[in-house]
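The listed protein sequences correspond, in order, to chains A and B.
Residue numbers for the first sequence follow our numbering, beginning at 1 and rising by one.
Residue numbers for the second sequence follow our numbering, beginning at 1 and rising by one.
The hints are simulated quantities; they were obtained by calculation from the structure and are not laboratory data.
Incorrect hints may have been included.
The list treats identical chains as one, so a pair stands whether inside a single copy or across any two.
Cut-off 20 Å, straight-line C-alpha distance, at most; resulting in silico cross-link-like pairs (EDC-like, lysine to aspartate or glutamate) [stated by the list, open to error]: (1) K90 <-> E205; (2) K255 <-> E205; (3) K255 <-> D240; (4) K255 <-> D228; (5) K255 <-> D61; (6) K48 <-> E265; (7) K7 <-> D61; (8) K87 <-> D264; (9) K90 <-> E250; (10) K7 <-> D247; (11) K7 <-> E160; (12) K87 <-> D59; (13) K7 <-> E176; (14) K153 <-> D240; (15) K255 <-> E181.
Number of protein chains: 2
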Amino acid sequence: MIIDVRKNILIVGLGLLGGSYAEALHRYGFHVSALTRRQSSIDYALEKGIIDEGTEGVDPDMISRADLIVFALYPHIFIEWIEENQKYMKPGALLTDVTGVKCSVVYRVQELLRPDVEFIAAHPMAGREVYGVENSTSRMFAGANYIVTPTEKNTRDAVETCRELGLLLGFANVAELSPEEHDEMIGFVSQLTHCIAVALMTCNEEEHIERFTGDSFRDLTRIARINDSLWSELFLSNRDALLRQMDMFESQFMKLRDMIANGDEDGMRAMMRHSAERRARFDKK
Amino acid sequence: MIIDVRKNILIVGLGLLGGSYAEALHRYGFHVSALTRRQSSIDYALEKGIIDEGTEGVDPDMISRADLIVFALYPHIFIEWIEENQKYMKPGALLTDVTGVKCSVVYRVQELLRPDVEFIAAHPMAGREVYGVENSTSRMFAGANYIVTPTEKNTRDAVETCRELGLLLGFANVAELSPEEHDEMIGFVSQLTHCIAVALMTCNEEEHIERFTGDSFRDLTRIARINDSLWSELFLSNRDALLRQMDMFESQFMKLRDMIANGDEDGMRAMMRHSAERRARFDKK
Numbered sequence: 001m002i003i004d005v006r007k008n009i010l011i012v013g014l015g016l017l018g019g020s021y022a023e024a025l026h027r028y029g030f031h032v033s034a035l036t037r038r039q040s041s042i043d044y045a046l047e048k049g050i051i052d053e054g055t056e057g058v059d060p061d062m063i064s065r066a067d068l069i070v071f072a073l074y075p076h077i078f079i080e081w082i083e084e085n086q087k088y089m090k091p092g093a094l095l096t097d098v099t100g101v102k103c104s105v106v107y108r109v110q111e112l113l114r115p116d117v118e119f120i121a122a123h124p125m126a127g128r129e130v131y132g133v134e135n136s137t138s139r140m141f142a143g144a145n146y147i148v149t150p151t152e153k154n155t156r157d158a159v160e161t162c163r164e165l166g167l168l169l170g171f172a173n174v175a176e177l178s179p180e181e182h183d184e185m186i187g188f189v190s191q192l193t194h195c196i197a198v199a200l201m202t203c204n205e206e207e208h209i210e211r212f213t214g215d216s217f218r219d220l221t222r223i224a225r226i227n228d229s230l231w232s233e234l235f236l237s238n239r240d241a242l243l244r245q246m247d248m249f250e251s252q253f254m255k256l257r258d259m260i261a262n263g264d265e266d267g268m269r270a271m272m273r274h275s276a277e278r279r280a281r282f283d284k285k
Numbered sequence: 001m002i003i004d005v006r007k008n009i010l011i012v013g014l015g016l017l018g019g020s021y022a023e024a025l026h027r028y029g030f031h032v033s034a035l036t037r038r039q040s041s042i043d044y045a046l047e048k049g050i051i052d053e054g055t056e057g058v059d060p061d062m063i064s065r066a067d068l069i070v071f072a073l074y075p076h077i078f079i080e081w082i083e084e085n086q087k088y089m090k091p092g093a094l095l096t097d098v099t100g101v102k103c104s105v106v107y108r109v110q111e112l113l114r115p116d117v118e119f120i121a122a123h124p125m126a127g128r129e130v131y132g133v134e135n136s137t138s139r140m141f142a143g144a145n146y147i148v149t150p151t152e153k154n155t156r157d158a159v160e161t162c163r164e165l166g167l168l169l170g171f172a173n174v175a176e177l178s179p180e181e182h183d184e185m186i187g188f189v190s191q192l193t194h195c196i197a198v199a200l201m202t203c204n205e206e207e208h209i210e211r212f213t214g215d216s217f218r219d220l221t222r223i224a225r226i227n228d229s230l231w232s233e234l235f236l237s238n239r240d241a242l243l244r245q246m247d248m249f250e251s252q253f254m255k256l257r258d259m260i261a262n263g264d265e266d267g268m269r270a271m272m273r274h275s276a277e278r279r280a281r282f283d284k285k
């Protein structure tokens with residue numbers, strides 16, 4: 001399938017990401033429909049003109065008319081939704097998602113899916129510290145990465161359509177990784193960083209300390225304002241990769257701690273120079 | 001001593017901070033002189049008109065004319081400088097500094113100082129990821145904290161003059177802490193965060209991972225571009241407080257790790273909610 005504007009797109013889950021997809025795609029002229037939990041989200045999206053139609057809950061007719069379905073749900077709700085409602089889908093429909101973990105979702109969904117529809121997974125690496133369709137904006141895709149995670153079950157056509165969707169949405173980089181590579185990478189750059197921020201924000205209860213925080217503390221704890229229901233599910237859905245990354249970090253942190261305890265100035269300086277060099281290279285990208 | 005513009009101010013160490021002090025104070029009309037390691041820094045400052053006079057090395061006459069001397073040196077150089085050159089100081093001169101650690105510096109300097117001059121320590125909590133007088137600007141003081149750390153040896157007059165200096169420089173908040181309180185606080189909000197950034201930046205050598213970094217990884221590693229000679233000295237000068245803070249963080253991080261390993265969703269969510277609440281309160285300040 002090549003995406004053309006006569007296609008019918010259904011967004012399931014109209015929150016921050018689902019709403020931002022709707023806004024971008026509606027602007028291109030696609031017919032965009034939406035199903036979500038709360039009618040108030042649908043009302044807001046209709047009023048803003050970012051969807052053509054929508055309703056709370058499930059609408060078999062709306063599902064059966066969709067050529068492309070985008071799932072923007074919590075992982076466990078996504079899988080339940082497929083189990084219960086795939087019977088309504090049009091033969092040949094293409095499914096994609098925005099889920100932040102892949103191995104625990106992609107294989108399960110592909111396994112239970114009807115053979116005449118196809119699921120190609122993707123992770124738009126964009127987000128904000130706020131939630132809901134009311135905060136959605138496709139501007140957050142600018143400069144961000146969009147990762148397609150195909151498996152052996154995917155057709156090349158579906159992969160290409162999914163990549164094209166990433167470009168249409170306005171992502172700066174569209175790339176492909178296996179679900180396993182994706183989960184290891186996200187365990188490091190996103191989940192580990194959130195674990196660090198949460199631990200830092202809660203490890204010292206001295207209230208007066210906060211009065212003196214500078215930019216570095218602020219930077220390291222921005223993401224400590226975390227959605228506990230979403231992130232606890234994401235962490236547990238990627239447990240093995242996340243634990244590997246946490247253990248790598250902890251071991252390096254303790255290596256630095258021991259060098260400080262032992263007054264090993266040469267060792268500390270070597271690690272700091274390595275850190276500064278890596279970070280400088282990174283700024284050039 | 002009340003600061004008035006007839007006073008003669010000497011900056012020792014004309015780098016990023018010393019240069020920024022010079023710029024702000026010269027603008028107020030003070031006579032500002034400077035001593036530093038390299039003549040090129042003096043030439044630059046004279047050309048920019050942020051000092052009235054200066055030279056590389058030591059100038060007994062310039063030292064003997066100063067009413068207020070600001071030390072912007074590495075901790076061990078600061079102490080050596082005092083030992084060798086305090087004999088040139090004017091009786092009644094007031095000394096202050098910008099050093100990022102206090103206990104290991106303040107008591108030592110006050111102990112070896114002549115009885116007819118006074119050292120009142122301060123820490124301007126401002127900085128940039130760049131160095132040298134060429135990058136100095138007093139704009140970096142706006143919105144930042146300035147901490148005065150008096151001891152039993154200080155007079156109330158000196159403390160008030162030092163506070164007044166912080167206000168003149170344009171700091172948003174001027175506060176007082178004991179050297180011990182200061183070092184514990186800085187061990188947490190500044191040194192621990194730099195240790196975390198360095199460990200995070202060096203714990204995973206997979207080059208391809210950097211291609212997918214998002215804002216959170218960028219935020220947590222901004223300060224990983226670190227000056228190894230300065231920070232290794234600051235860490236070692238505040239070893240006990242820093243190790244306490246590192247151990248508190250590591251223990252909380254491992255608590256979260258074990259909750260993930262054991263699938264303790266309730267525990268994780270409670271820690272995340274606590275984190276989000278603390279960070280939200282913090283944003284209001």
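Outcome of the hint check:
1. K90 <-> E205: neither (55 Å within a copy, 45 Å between copies)
2. K255 <-> E205: Only across copies: K255 and E205 sit 16 Å apart there, 25 Å inside one copy, limit 20 Å.
3. K255 <-> D240: between (23 Å within a copy, 16 Å between copies)
4. K255 <-> D228: between (31 Å within a copy, 16 Å between copies)
5. K255 <-> D61: Answer is neither: 60 Å inside a copy and 48 Å across each miss the 20 Å cutoff.
6. K48 <-> E265: neither (59 Å within a copy, 37 Å between copies)
7. K7 <-> D61: within (16 Å within a copy, 84 Å between copies)
8. K87 <-> D264: Cα proximity of K87 and D264: none, with 65 Å in one copy and 35 Å across.
9. K90 <-> E250: neither (49 Å within a copy, 52 Å between copies)
10. K7 <-> D247: Intra 46 Å, inter 57 Å, cutoff 20 Å: neither.
11. K7 <-> E160: Only inside one copy: K7 and E160 sit 16 Å apart there, 72 Å across copies, limit 20 Å.
12. K87 <-> D59: within (12 Å within a copy, 88 Å between copies)
13. K7 <-> E176: neither (24 Å within a copy, 66 Å between copies)
14. K153 <-> D240: The answer is neither: 24 Å in one copy and 56 Å across copies each exceed 20 Å.
15. K255 <-> E181: Result: close neither inside a copy nor across copies, 27 Å intra and 27 Å inter.
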